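**Q** Here is what each chain is made of, one letter per residue.
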Amino acid sequence: AQSVAQPEDQVNVAEGNPLTVKCTYSVSGNPYLFWYVQYPNRGLQFLLKYITGDNLVKGSYGFEAEFNKSQTSFHLKKPSALVSDSALYFCAVRAPNKLIFGAGTRLAVHP
Amino acid sequence: DAGVIQSPRHEVTEMGQEVTLRCKPISGHDYLFWYRQTMMRGLELLIYFNNNVPIDDSGMPEDRFSAKMPNASFSTLKIQPSEPRDSAVYFCASNLRDMAYNEQFFGPGTRLTVL
Chain A
79 AQSVAQPEDQ VNVAEGNPLT VKCTYSVSGN PYLFWYVQYP NRGLQFLLKY ITGDNLVKGS
139 YGFEAEFNKS QTSFHLKKPS ALVSDSALYF CAVRAPNKLI FGAGTRLAVH P
Chain B
31 DAGVIQSPRH EVTEMGQEVT LRCKPISGHD YLFWYRQTMM RGLELLIYFN NNVPIDDSGM
91 PEDRFSAKMP NASFSTLKIQ PSEPRDSAVY FCASNLRDMA YNEQFFGPGT RLTVL
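In the order they appear, the protein sequences are chains A and B. Using the numbering used here, the first residue of the first sequence is number 79, and each one after it goes up by one. Using the numbering used here, the first residue of the second sequence is number 31, and each one after it goes up by one.
Hints are computed from structural coordinates only; laboratory data are not their basis. It is possible that part of the hints are untrue.
Below, in silico cross-link-like pairs of lysine to any residue (SDA-like), each with a Cα-Cα straight-line distance of 25 Å or less [stated by the list, open to error]:
#1 A:Lys176 <-> B:Pro111
#2 A:Lys176 <-> B:Val42
#3 A:Lys100 <-> B:Met90
#4 A:Lys176 <-> B:Gly46
#5 A:Lys100 <-> B:Glu133
#6 A:Lys176 <-> B:Glu48
#7 A:Lys176 <-> B:Ala118
#8 A:Lys176 <-> B:Gly72
#9 A:Lys176 <-> B:Pro114
#10 A:Lys176 <-> B:Met90
#11 B:Lys108 <-> B:Asn132
#12 A:Lys176 <-> B:Gln47
Computed from a predicted model, the values in this text were never measured in an experiment.
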């Protein structure tokens, strides 16, 4: 069965520093991986996806994610964090006709 | 397009009352999903439809919950009777065809409080 794990409930980072939000996956077959972000009192918004091709995927708001097949990871990264990046981040994997979401990681960026 | 539309945005009701949540997906999308989000359980998939047909309702917590999609532009999630443990934010989302290639769009959610 497809699954994702987000090992950190919360990540704290200072504004201007690089950030990483971790995600590992377990799939049978080729992985289709996604990151979504949820701002307070809003629905989830798509950030980026990995289907095939380059292991480094670029997405919205300056975020990128690195797909690592040997480590079964798909970590979300950003070179320089902004306070406005503070939100809840979800990793997801495609299962047949639906997405399986992780538990979410709360990112707090401090001025 | 206005995106996925949900109503009401907030609902406060008393235990035992019937609650109906509404969703209008993005026009042309083939898939519609209902999720529930709580602090304790995170984001849970309740049910999804493809071309108005329910495909997987294994996430529906119990018989008090029911969902319908009478046409491509409208879906409802009904709870009857409601209980305090049903308090959560309920999201509707829609997708165009194969979600391997198409992102899922979420509505703003309905915050349900059952007293």
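**Q** Okay, which hints does this one fail, numbers in order?
**A** 1, 2, 3, 4, 6, 9, 11, 12
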